[in-house]
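Start from the sequences and build out the full structure, keeping to the hints where you can.
Same order as they appear, the protein sequences are chains A and B.
Every letter in the first sequence is one number past the one before it in our numbering, and letter 112, counting from 1, is 228.
Every letter in the second sequence is one number past the one before it in our numbering, and letter 222, counting from 1, is 225.
Note that these hints are calculated values from the structure, not bench results.
Only a predicted model underlies this, so the values are computations on that prediction, with no experimental measurement involved.
Just so you know, not all the hints are guaranteed correct.
Stated by the list, open to error - Partner residues aside, some chain A positions facing chain B, computed with beta carbon under 7 Å:
(1) Leu-124
(2) Leu-128
(3) Ile-154
(4) Leu-170
(5) Leu-187
(6) Gly-191
C-beta: ideal position from N, C-alpha, C; glycine also.
Next come the chains, spelled out residue by residue.
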Amino acid sequence: MIFAIIGLIIGLLIGFVLNFTYAATFTIYITLIILILIQSLLRIIKNEDMNFPLYKEAILIGSEIAFACLLAYIGEKLGISLYLAIVLSFGLRIFNDFNIIVKKVIKYDKIN
Amino acid sequence: MRFDKKANILILALLIGLLLSLQMKNDAKTYAFININTVATLSNELDATKKDIVGLKALIRSSGNELNRYEMLKDNDEDMQAFLRDEIFKTKAVAGYTNVIGEGILVRLADNLEETQRNINFDLVHDVDIAMILNDLINSGAEAISINGKRILSKTEIICIGPLIRINGEGVGAPFIIKAIGNKDQLFAALNAPHTYAYNLRESYGLEIETMKSDFILIPKYSD
Numbered sequence: 117m118i119f120a121i122i123g124l125i126i127g128l129l130i131g132f133v134l135n136f137t138y139a140a141t142f143t144i145y146i147t148l149i150i151l152i153l154i155q156s157l158l159r160i161i162k163n164e165d166m167n168f169p170l171y172k173e174a175i176l177i178g179s180e181i182a183f184a185c186l187l188a189y190i191g192e193k194l195g196i197s198l199y200l201a202i203v204l205s206f207g208l209r210i211f212n213d214f215n216i217i218v219k220k221v222i223k224y225d226k227i228n
Numbered sequence: 004m005r006f007d008k009k010a011n012i013l014i015l016a017l018l019i020g021l022l023l024s025l026q027m028k029n030d031a032k033t034y035a036f037i038n039i040n041t042v043a044t045l046s047n048e049l050d051a052t053k054k055d056i057v058g059l060k061a062l063i064r065s066s067g068n069e070l071n072r073y074e075m076l077k078d079n080d081e082d083m084q085a086f087l088r089d090e091i092f093k094t095k096a097v098a099g100y101t102n103v104i105g106e107g108i109l110v111r112l113a114d115n116l117e118e119t120q121r122n123i124n125f126d127l128v129h130d131v132d133i134a135m136i137l138n139d140l141i142n143s144g145a146e147a148i149s150i151n152g153k154r155i156l157s158k159t160e161i162i163c164i165g166p167l168i169r170i171n172g173e174g175v176g177a178p179f180i181i182k183a184i185g186n187k188d189q190l191f192a193a194l195n196a197p198h199t200y201a202y203n204l205r206e207s208y209g210l211e212i213e214t215m216k217s218d219f220i221l222i223p224k225y226s227d
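Laid out in structure tokens, this is it:
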């Protein structure tokens, strides 16, 4: 948890210091990537007792990002807002994971 | 093994922070995500604007040509005068301030004089009938039109004033004699072809509509 907050702060600082902008057409993809990363972060925090090596996580998240971007690109070419499907699915997962984490923190399952 | 988890979390949080800040800095507020309908509407607008531009360019060209003509004429006074007189004549002819002579048709429109049992309004010539017939004539290429000697101008009104019809500010009564100059066959067809307005008036309502072709018709100029 502490690592997540530290990483977030450092990342925000680096991002604001860096003078780097991109074309507006990539906004959708960046949003999708942010969503996928948040989901992955919550998933890892949720699965406390499971430890996967770094490269496996990298492959999983990378493939997710690649597929989401491909889907969004196809949607844009076809004129359908296909990225909404990805936003919906990852949004649902984020809420599920967040719910589980909060339940673990407040020990929801125990009666006392 | 614990190290992997921490590293994972750290790297992911770092990336999220980086991308979030970049996204926030990029100021995407001015851009809206649009759907396919908006794209179609916008492309239609673009096409219309492009057509407008082509039209405006043609206007510039024609205006330039006119300007060139004036430039050529401006050195010689006599030429200029002749040109301007010609322009005045043309403008007057279009506006209806000159007598016009040519081939065309004569139309006589009168009320149905027979005894019928139906509403009297079906047997009368109304202002609407005159206006429709006039439009038919103009549509088939009439260059000059008069009704009972009243020249039809761009500002002419055709309005019902009780038993009469007001044309150019004066009352005109039935029967109406409409004179029109233009291609006589086309004008004749505009009133006599099946299911034209005049044909229906004659066949269904029984109004008297007589049409006559003529090679020589004089239409007087507008007089106040």
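Quick rundown of the hints versus the structure:
1. The criterion of a C-beta within 7 Å of any C-beta in chain B is met by A:Leu-124, whose closest approach is roughly 4 Å, and the hint holds.
2. With 7 Å as the threshold, the beta carbon of A:Leu-128 comes within range of chain B, its nearest partner Cβ sitting at about 4 Å, so the hint holds.
3. For A:Ile-154, the shortest C-beta to C-beta distance to chain B is roughly 6 Å, which falls under 7 Å, so the interface hint holds.
4. Interface restraint check for A:Leu-170: the shortest CB-CB distance to chain B comes to about 5 Å, inside 7 Å, so the restraint holds.
5. Taking 7 Å as the C-beta contact cut-off toward chain B, the hint placing A:Leu-187 at the interface is violated, the least distance being around 16 Å.
6. A least Cβ separation of about 11 Å between A:Gly-191 and chain B goes past the 7 Å threshold, and the interface hint is therefore violated.
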